[in-house]
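S.K.: What follows is the residue order along each chain.
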Amino acid sequence: MKNVEEIGTTEQGELIINVGPQHPSTHGVLHLVITLDGETIRNVEPHLGYIHRSIEKMCESLSYRQFIYVTSRMDYLSSHINNHGCAMCVEKGLQIEVPPRAKVIRVLMDELTRLASHQLWWGALAMDVGALTPFFHAFREREMINSIMEETCGARLTMNYMVPGGVMIDLHPNFQPGVKEFITHFKSKIDEYDELVTDNVIFQNRMKGVGTLSKEDAISYGCTGPTARGSGVRCDVRKLFPYEVYAGLRFDEIIETGGDCFARYMVRMKEMRQSLSIIEQLIDNIPEGDFQAKTKAVLKLPKGEFYTKIETARGEFGVYIISEGGMTPYRIKFRSPGFSNLSALNHMARGYKIGDLVAIMGSLDLVIPDIDR
Amino acid sequence: MLSLEGITDSIHNWLNHALNPTLAMLSEFVMVGLCVITLFAMLGLVLIMMERKVSAYMQVRIGPNRVGPGGMFQTLADTLKLVVKEGLTPDGADHFLFNLAPFVVLSASMLALAPVAFAKGFQVWDLPIGILYVSAISSVSVIGILMAGWASNNKYSLLGAMRSGAQIVSYELSAGLSVLTIVILTGSLRISDIIQAQQDGWWIFKGHIPAIIAFVIFLIAVTAETNRAPFDMAEAESELTAGFHTEYSGMKFALFFLAEYVNIFIVCAIGAALFFGGWMPFHIGHWESFNHIMDFIPSSIWFTGKTFALIFVIMWFRWTFPRLRIDQLLNLEWKYLLPISMANLLLTTFVAIKGWYF
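Protein chains in written order, with the numbering used here: chain A, 827 to 1199; chain B, 2 to 359.
For the record, the hints were derived by calculation from the structure and aren't laboratory data.
Note that beta-carbon positions come from the ideal geometry of N, C-alpha and C, so glycine has one too.
Be careful, since some hints might not be right.
As the list claims (entries may be wrong) - Facing chain B, according to a computed beta carbon distance under 10 angstroms, are these residues of chain A, among others:
(1) HIS849
(2) LEU862
(3) PHE965
Stated by the list, open to error - Derived DSSO-like pairs (lysine-lysine); straight-line CA-CA distance at most 27 angstroms:
(4) LYS1015(A) to LYS156(B)
(5) LYS82(B) to LYS1034(A)
(6) LYS54(B) to LYS82(B)
(7) LYS1179(A) to LYS82(B)
(8) LYS336(B) to LYS1179(A)
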């Protein structure tokens, strides 16, 4: 790796440009060193480390109740789902049975988070390809989800609502009417999203045939989530390894075979509709009962290794805990979806234009604190 | 009824009466210069405010609403900020060219203002090759942009400038050819002649199919020529941060910004003159009484209304469409717009020879 200050052009006369860490389209402090031949990209080299907070190391000194909330700061757009994965791993270790009400609440919240995340992604992708207006429209709908979250969890972005054995507090009385209002509102707006962006000729030209990732490559780079599903890989954890109440729900795993940016775009757009349908199925069927299982005040996982995985808005999020039997984990490893998806960027972007690089990054839906923990 | 033509004529006569011809001409130069500079400042303020309000309404926002009534003085406050801000010149930059570039761009758009007819008989210079002059002068600004990109010594700026060069030079062809359509129908390059020819109906109606095709091409081409979204390749903030003016700050940046908005005004004014009769009221053939009623609306209001309607359309483009990629942009010009405008030119010639227009 060359020193960043020294680079200018390669011996072949190719231009080397630093994109980031402060750049409008990297959505965070991602640093890409790109080699350009005119406008054509020859190489993309992601540099990480600008937002490394050593979350995994921090978790080693936090108790099993506490470490869950640090993961909110990883993928902040699906913080709730990260918490969920960690809570599930602790429950797996202690063999806690989660009450049915808590399970349904968790899934409802997961899907709301997924919707909020996809809405933000939609706006940000449109902004990356040059249309600024969709960003504001997406935030209008996302605001409704945030308000619902605020009522129930007390926070809008990092909800910290999960505890091992259930959820922290019961649902707010306004939750059900609020969610129903959101569903009716968003159902009309998602068609507007399609009219404004999906059906736009310029947008389709920018997306179709750009950043193609074959099925084999998607598997070998370890891509998950909408990125892999856009290349035709079946990888939805909710379908393949159902957790909580997903096994009893009717929803489709969205698979597109194009492998280009547009396929990834369509996967997420269709997933929004699936999430809506999941919420619709559950919102009137929240069982009565406890929202939290009875657990000891101090949790101690038995000696051993535990792994759970969960489907976040970006793909498969894995939590791996090694316990020595103490109050804190011996070692924690997170498998974040963004890191693997980013690793395919160089493969996808090579040979395309600078404008395409921005579109490809947008279609990967990168959240930098998730990549760089 | 207020007639701007009368005012300018009386000032001209009075000056020639009171002073000797050379002094009279010099003082007229000064007055016109002051008018143009004032107009520039006003246009900058009004158009930037308009853009912010238009974008706000499209984006479910309110827009600036704190400074002055309804946020009217927001641009004034912004200008003040830019004026007092330090104009940095980067170390590695070519100082002379770096500082010259904004003035080249600004002068180009100032010069292009000359043949614009603001009202009946209210025009800085009604030169016989008005339209040709505008298209010639508007291509000077690309020199300023290339200069800015090169002198900044920044790779983003350079890429932005190169894109801009390719774009402006290509789209000038289509813009020129679509302008020629009207020139063929009118038989004159002089702006006042073109407007006078629309006395019994605007060209967009009289020239029917060829004029409508030419208008659509003109609108696309000038949007690209003024570097506006969806053709804002030169800036492309999500790709090149700010393109050719990445390194500019303070007043030097403000000059680029101002020139962009004045350019929009000029191309829309020219578009209004060519296709919608400039200051010419809405006339229909031989409906004498209807035409007479229309004449009661002052010509300056007709001109402003048409121009700002076109400006609104261009702003509407910006806040609705995603940006094209550079190769798609050039494909659009060379593979679609240019052949269509050439065919359209042939069609127009045919129509003009046969006299199949109204």
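S.K.: Which earlier hints can't be squared with this structure?
M.R.: 4, 5 and 7
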